[in-house]
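Engineer: So the chains spell out like this:
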Amino acid sequence: MGTRHENSGVWLMTYKTDLPVMLPVTPRSPEPFAGFKPKHIVIIAALVILGPSLAFAQVGAPILTPFAVLLDWMPLLLEGFIFNLVISVSAMALGTAVGAMLGLGQISLLRVTRGTSWFVTQFFRNAPWLVLLFFAMFLLPFEIKIFGLVVPLPDWFKAILGLSLPVMANVSEIVRGAVKSLPSGQWEAAESLAYSRQQTLWLIILPQCVKRMLPPWMNLYSILTMATVLASIVGVSEVMTLTAQALAAEGGRPELLAPFYGFVLLLFFAYCYPIARFTVWLEKKFAVIN
Amino acid sequence: MSWTPADPMVSIKDVHKSFGDLKVLNGVSLDVMKGDVICIIGPSGSGKSTLIRCVNALNDIQQGSILVEGQEVNDPNLDKLELRKKVGMVFQQYNLFPHKTALQNVMMAPVRVLKQDKAKAEAKARALLERVRLKDKENAYPGELSGGQQQRVAIARSLAMNPDVILFDEVTAALDPETVGEVLQTIKDLAEDGMTCILVTHEMAFAQEVADHIYFTDRGVIVEHGPPETFFKKAKDPRTKEFLSQIL
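Heads up: the protein sequence lines correspond to chains A and B, in order. All residue numbers for the first sequence refer to our numbering, where the first residue is -8 and numbers rise by one. All residue numbers for the second sequence refer to our numbering, where the first residue is 66 and numbers rise by one.
Among the clues, some could well be false.
Stretches of chain A that chain B covers, calculated by requiring three or more beta carbons in the stretch to come under 8 Å of a beta carbon on chain B [as the list claims (entries may be wrong)]: (1) 113 to 119; (2) 182 to 193.
BS3-like mimics (lysine-lysine), calculated; alpha carbons at most 25 Å apart, straight line [to be verified]: (3) B:LYS253 with B:LYS189; (4) B:LYS253 with B:LYS99; (5) B:LYS165 with A:LYS171; (6) B:LYS88 with B:LYS78; (7) B:LYS165 with A:LYS275; (8) B:LYS145 with B:LYS202; (9) B:LYS151 with B:LYS189; (10) B:LYS145 with A:LYS171; (11) B:LYS200 with B:LYS185; (12) A:LYS276 with A:LYS28; (13) A:LYS202 with A:LYS276; (14) B:LYS150 with A:LYS202; (15) B:LYS165 with B:LYS150; (16) A:LYS276 with B:LYS165; (17) B:LYS202 with B:LYS165.
Hint data in this document are derived by calculation from the structure and do not stem from the laboratory. Glycine included, C-beta positions come from ideal geometry on N, C-alpha and C.
All chains, please: the whole structure from these sequences, using the hints.
Structural biologist: As structure tokens, this is what we get:
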């Protein structure tokens, strides 16, 4: 009548049935954003931005509609958003470079290197991003002297350093995980062909890891991009700071809040959503190959 | 005393090896002469694979001596890379590099490790693929090849390093029955060409046909050994008899 499940000891019924309700349920594979189409974004955008404007228009006030105000500020906000992207790309580049080295350190044959890399990774991976950002902001001097030359350290530069710390720790784990996920047979085959450890790593192991690392790495980038607004708390003139300043300059009119912050949300969505889609596509593609 | 071709190519003496508390090899000794084909058979977990993995230092040993062309493998100062240039190995799971084509798999080590000229290595790799009857699969990736084809590429890859001896670790165990034959034929060709081979195998008919000497291991020791004709027909030890009765 049935078989006992190996691990759980639960009896699995395997008899035949004509009743569909008796059949085991196979959940549909989760398809993120299934049925979500670009036109929906347009509709949401229209509601967020135009909604308050329409409501306002019905009041018949003589001052500018919220949409017109937003239109005036848009170039500045866009500039701020581009600054967010600059911060995200720079922090990602820096975090990836250092994190990759840290990740390789975690698989080093030297105990000291391995232990230190592990500790640094765990420490920064389990620290709140905002706290790291504050540390970078307030512990780094505003200028440094190199050979008598005074180099200023602007806020945005410190923000990049601060945000690159959690990126570094996460990249380190991505690298370590990808290397560990390869079958040990790959190492053994390379060893038996007299490849040195360095050669094995760079010619055999890491090229295979790139595919495995790409999706989580892109996820991380998406998260980082959205986290760049944290820099507004420490006074960097990115999109959130500028939005707040624009609202203040408009006299803090409450009907402007939704269009302005809605616009910021849309900017991030328009940038991060395609990355998320591309990541899903990559994951599927690699799953098929493997 | 330097090694001469008249000495055993691989000489294993009283080798002990354990993984933690588990004793896997319990005093194994055997000699392999140049051009010999020896087969190691025995029940699962009897230490066959571990034994040959010790020969190219993939596993270290705790006690005893393994000499490969006079070079001591059980030596903390062993130059493993030099040893592995002399000892090739083919695995049960093929372990081809999936991001490289068949041709690249074969020619990569000669170019990168032996620093051979690229054009020369490529010509040789093509010849080797032809020898294992895979000339038309040069540009295929491992994922596009059948198990038997992958295993033959793995053999060609090992041959490209010009080893003096090749270790075969249950190379047909993961294959579909219909592709076992093509791999065994390839090994047989090698044996006929005079390559020194150490095989761990469950293919008794094959062992009987190609081996010069059969070793039967159980629980970390060699229980019985001899040339195939006497080993298979006149086994003396009860454990050997029991094992043979179960599989023949």
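Engineer: In ascending order, which of the hints set out earlier in this document are inconsistent with the structure?
Structural biologist: 1, 8 and 14
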